[in-house]
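Both chains are sitting in their own frames, so use the hints and assemble them into the complex.
Chains as they are written, first to last, in the working numbering: chain G, 1254 to 1360; chain F, 81 to 192.
FYI, nobody ran anything at the bench for these hints, they're computed from the structure. Note that CB positions come from ideal geometry on N, CA and C, so glycine has one too. Hints may be right or wrong, so weigh each one.
[Said to hold, decoys possible] To list a few chain F residues with every Cβ distance to chain G over 10 Å, as calculated: (1) M107; (2) L125; (3) Y144; (4) T150.
[As the list claims (entries may be wrong)] Dumping the calculated DMTMM-like pairs for lysine to aspartate or glutamate here, alpha-carbon to alpha-carbon at most 25 Å: (5) G:K1307 to G:D1334; (6) F:K94 to F:D179; (7) G:K1347 to F:E152; (8) G:K1347 to F:D179; (9) G:K1359 to G:E1268; (10) G:K1307 to G:E1268; (11) G:K1307 to G:D1263; (12) G:K1307 to F:D118; (13) G:K1359 to F:D153; (14) F:K89 to G:E1268; (15) G:K1359 to G:E1320; (16) G:K1307 to G:E1320; (17) G:K1347 to F:D153; (18) F:K89 to F:D118; (19) G:K1307 to G:D1352; (20) G:K1347 to G:D1280; (21) G:K1347 to F:D136; (22) F:K89 to F:E110; (23) F:K94 to F:D118; (24) F:K94 to F:E152; (25) G:K1307 to G:E1258; (26) G:K1347 to G:E1320; (27) G:K1359 to G:D1263; (28) G:K1347 to F:E139; (29) F:K89 to F:E152; (30) G:K1347 to G:E1258; (31) G:K1347 to F:E110; (32) G:K1307 to F:D153.
[As the list claims (entries may be wrong)] Restraint ranges, calculated between C-beta atoms of paired labels, are given here: (33) G:A1345 to F:G143: 21 to 27 Å; (34) F:Q137 to G:G1310: 36 to 42 Å; (35) F:G180 to G:Y1322: 17 to 23 Å; (36) G:Y1322 to F:V130: 23 to 29 Å; (37) G:P1292 to F:A82: 20 to 26 Å; (38) F:P88 to G:S1260: 31 to 37 Å; (39) G:T1273 to F:T85: 34 to 40 Å; (40) G:N1309 to F:G143: 17 to 23 Å.
Given next are the chains, with one letter for each unit.
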Amino acid sequence: GIQVEQSPPDLILQEGANSTLRCNFSDSVNNLQWFHQNPWGQLINLFYIPSGTKQNGRLSATTVATERYSLLYISSSQTTDSGVYFCAVHRAGKSTFGDGTTLTVKP
Amino acid sequence: NAGVTQTPKFQVLKTGQSMTLQCAQDMNHEYMSWYRQDPGMGLRLIHYSVGAGITDQGEVPNGYNVSRSTTEDFPLRLLSAAPSQTSVYFCASSYWQGDGYTFGSGTRLTVV
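Here chain F stands alone, though its shape is the one from the complex (with noise of 0.2 Å):
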């Protein structure tokens, strides 16, 4: 099934410890992005990549680092969790960036 895959769905972790979210796509885009989605809040950017090789922050990067090593790949990188790392994530693909994006099923992260 073409879309966006997340892996895995649900995570707790123990502070400081690391951890990766995995993300693939199997549509050819080029550009992915991962957000994190607080309680009544809308999605904020944490890093974004327009294509293999190219990565960028977004809006709350702070503890979290992403490579683009494939185009069907962006995993995104934990270095130390804190508490205040308690969210949803979901990761985004398109054609290019501001087109209609394909979200994940979402990753629920825990840290206590």
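Looking at chain G on its own, in the form it has when it is part of the complex (with noise of 0.2 Å):
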């Protein structure tokens, strides 16, 4: 099945900094979201992106398909986008995650 990987894992950030998460995949796919986990481990869909540029306020997504990664940018952090940022892509029906990176924005 097709790998995905999500770095960092873990990031740590002030309040007010920028950040980029970067989505490696390892075969072609039909589509591609990110999603945000929030503490209370509710999942929140971000950006549905199979390729281009999306923005919805502080966050931006990029996926470059014929290159197989997507970045999810976050500018401005607040403590409130703490939580655990997944993508993941759809092929044929299927949904694949990656691990997840794990955002936490300090005060």
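And the structure:
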């Protein structure tokens, strides 16, 4: 099956800092999504981004499908950004998640 | 409220017991899926469905059954619970596979 690797596994930031999270995948995919899991366990869809760049407020994402990676940018981080960020790739009906990047934003 | 509803939120089972985790959505989504999340790991796909009457296996289907008799409901059945099935279970739905997923709030299952 497809392998999905996320880096870094852990990230600690001071409030206001910027960060870049990376997702590499081993084969061509139909779609890619980014999710945030908050400290209470709730999963929220951030981006559906099979290719190109999207922005939503302080967050943006870029997927380069031909090179099999995606990046999630968080600018001016806030304590509410803390949690785990997952990318998931989709192909032939099946989804494969990475193990996530755990982000801690300190006040 | 539109969304994905999972019940129960918490469950403790004894080894060998069976149970059904419920998942319902009211967004007329065709694609529904079940995942398990173990500590420190991402979500792993158990089963999925692309529409009523159609289901297929994911990455970790052993020990679980599903059915999809309506568009709205996608229950997950544990046939004979084992301690290895202790996990948090999430149900998700979307208009089609890979579209923006909406997740339920999860079921925390402990098998003793």
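Exercise. Are the Cα atoms of K94 of chain F and E152 of chain F separated by 25 Å or less?
Worked result: Roughly 29 Å separates the two Cα atoms, so the pair is violated.
Exercise. Is the gap between the beta carbons of Q137 of chain F and G1310 of chain G within 36 to 42 Å?
Worked result: The hint (36 to 42 Å, Cβ to Cβ) holds, given that Q137 of chain F and G1310 of chain G are roughly 38 Å apart.
Exercise. Is the straight-line distance between the alpha-carbon of K1307 of chain G and that of D153 of chain F 25 Å or less?
Worked result: Violated: K1307 of chain G and D153 of chain F sit about 32 Å apart, past 25 Å.
Problem set entry | Restraint check for K89 of chain F with E152 of chain F, where alpha carbons must lie at most 25 Å apart | holds (19 Å)
Problem set entry | Satisfaction of hint between E1258 of chain G and K1347 of chain G, Cα-Cα up to 25 Å | holds (17 Å)
Problem set entry | Straight-line alpha-carbon gap K1359 of chain G to E1268 of chain G, limit 25 Å | holds (6 Å)
Exercise. Does K1347 of chain G pair with E139 of chain F here, judged by a C-alpha cut-off of 25 Å?
Worked result: holds (8 Å)
Problem set entry | Pair hint outcome, K1307 of chain G versus D118 of chain F [Cα-Cα no greater than 25 Å] | violated (30 Å)
Exercise. Straight-line Cα separation of K1307 of chain G and D1263 of chain G no greater than 25 Å?
Worked result: Status holds; Cα separation ~24 Å.
Problem set entry | Given hint E1268 of chain G paired with K89 of chain F - CA-CA distance at most 25 Å | Given pair K89 of chain F, E1268 of chain G is violated - Cα atoms ~33 Å apart, limit 25 Å.
Exercise. Quick one, are K1307 of chain G and D1334 of chain G close enough, alpha carbons at most 25 Å?
Worked result: holds (18 Å)
Exercise. Is K1347 of chain G within 25 Å of D153 of chain F, Cα to Cα?
Worked result: Within the cut-off at roughly 19 Å; holds.
Against the hints set out earlier in the document, violations occur for numbers 2, 6, 12, 13, 14, 15, 24, 32 and 40.
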